[in-house]
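Q: Here is what each chain is made of, one letter per residue.
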Amino acid sequence: MRTRLAAHADELVAAPAAPPLSGIFLSFLKLGAFAFGGVYGMLSFFEKELVERRRWLTSDELAEGIVIAQMTPGPPIVNLGVFVGYRLRGVRGAFAATAGQVLPGFLIVLLVGVAYARLSASPALRGALGGIAAAVVGLLGSVVLKMGRRVVDGAPAGIIAVASFALLAFAHANPIALIASSGLAGYLLFGARR
Amino acid sequence: MTLVKLFGVLFAVNLLTIGGGYVTLPLLHRFFVEDFGWLTSRELADAVAVGQLTPGPMTIMNVFIGHKVAGVAGAVTATVASYLPSVAVGSLVARWYPKLRHSAAVAAVLRGMKPAVAGMLLAVTVQLGAASLVHPVALCIGAGTFVLMALTKLDPTVVVVAAGLAGAALL
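Chains as they are written, first to last, in the working numbering: chain A, 93 to 286; chain B, 5 to 175.
Every clue listed holds true.
Calculated Cβ distances over 12 Å to all of chain A for the following chain B residues:
{"id": "1", "residue": "M5"}
{"id": "2", "residue": "T6"}
{"id": "3", "residue": "L7"}
{"id": "4", "residue": "V8"}
{"id": "5", "residue": "F40"}
{"id": "6", "residue": "G41"}
Cut-off 25 Å, straight-line C-alpha distance, at most; resulting in silico cross-link-like pairs (BS3-like, lysine-lysine):
{"id": "7", "chain 1": "A", "residue 1": "K140", "chain 2": "A", "residue 2": "K122"}
{"id": "8", "chain 1": "B", "residue 1": "K157", "chain 2": "A", "residue 2": "K140"}
{"id": "9", "chain 1": "B", "residue 1": "K157", "chain 2": "A", "residue 2": "K238"}
Derived, one-sided and incomplete: chain A residues facing chain B with beta-carbon distance under 8 Å:
{"id": "10", "residue": "I169"}
{"id": "11", "residue": "L202"}
{"id": "12", "residue": "L221"}
{"id": "13", "residue": "A225"}
{"id": "14", "residue": "V254"}
{"id": "15", "residue": "L260"}
{"id": "16", "residue": "P267"}
{"id": "17", "residue": "I271"}
Note that these hints are calculated values from the structure, not bench results.
As the structure is a prediction and not an experimental result, all values here were calculated from the model.
For every residue, glycine included, the Cβ atom is placed at its ideal position computed from N, Cα and C.
Work the whole structure out from these sequences, hints included.
A: In structure tokens form, the structure reads like this:
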């Protein structure tokens, strides 16, 4: 009994705040199930679950995570989970957070995929999908507008944007090559002087 | 072979794009619609709609694409390929962040990439529009969505649901 208590006390001292992988998985499963509206719409949920309820990180650390999440490849909201999971339990924590966050959407989309294959002949569904496809185009237009306003901060950026549009739309350029060369252009244009 | 190709494209696309969902569209359109002929423009637009309507990141639409291309195995392949880059690069960055945050070179590269992404996204919007906005009702829905999303802070999910209902009734 005494040794068990002593061992328990040692454990508490040695590992004060590393939550179990299952805890990380479950927290992010919950976040993944209610994640509508992208990274900004989700921030209040993240704040409540990770900062206030679990106390896994501070508000400042969360803000830092959001900055990193937007600078690294992949969807920002998943990257934020990777950042939090990694801080808590290393690479395994990053995997646990990602698996939890992605699982609900994965299952729902899989079901939708099966239904889509069976029902796409129904006129009402075809009409609904037609309406949604049209809305997606409008949605994308507004994303382009907002993104453009934010990132086109001068003539060089404007030229990169217009050239990328034209090369992709009219010259069938390789999009991966476009991203790589615009990164290089950014390095040469904005990185040379300090 | 299809699964290998699916994995390779989604892994590369998610490794090379920053911002997720919409940002990957120009690349997905090029490879899946134009080069491989696995999807039509309309089906890609449907995938975007599904991604928008379901919880989780928008890239969850890749599950829909994977399922369309190669069934359940395709869906699983697409999921792993889409999120592995995040875990790999994110873990490295979380580790090295204190050094990276002050790197002027990283900031300059990103500053060049962002306007390119905006330009490429416009090109894809035009392509999807040409495929989706053929009916006058569809044109109205598209234009209405654009105005609403550009001028208000309405949740896109609400607009997409309303557009689906309008489409079912009128298209």
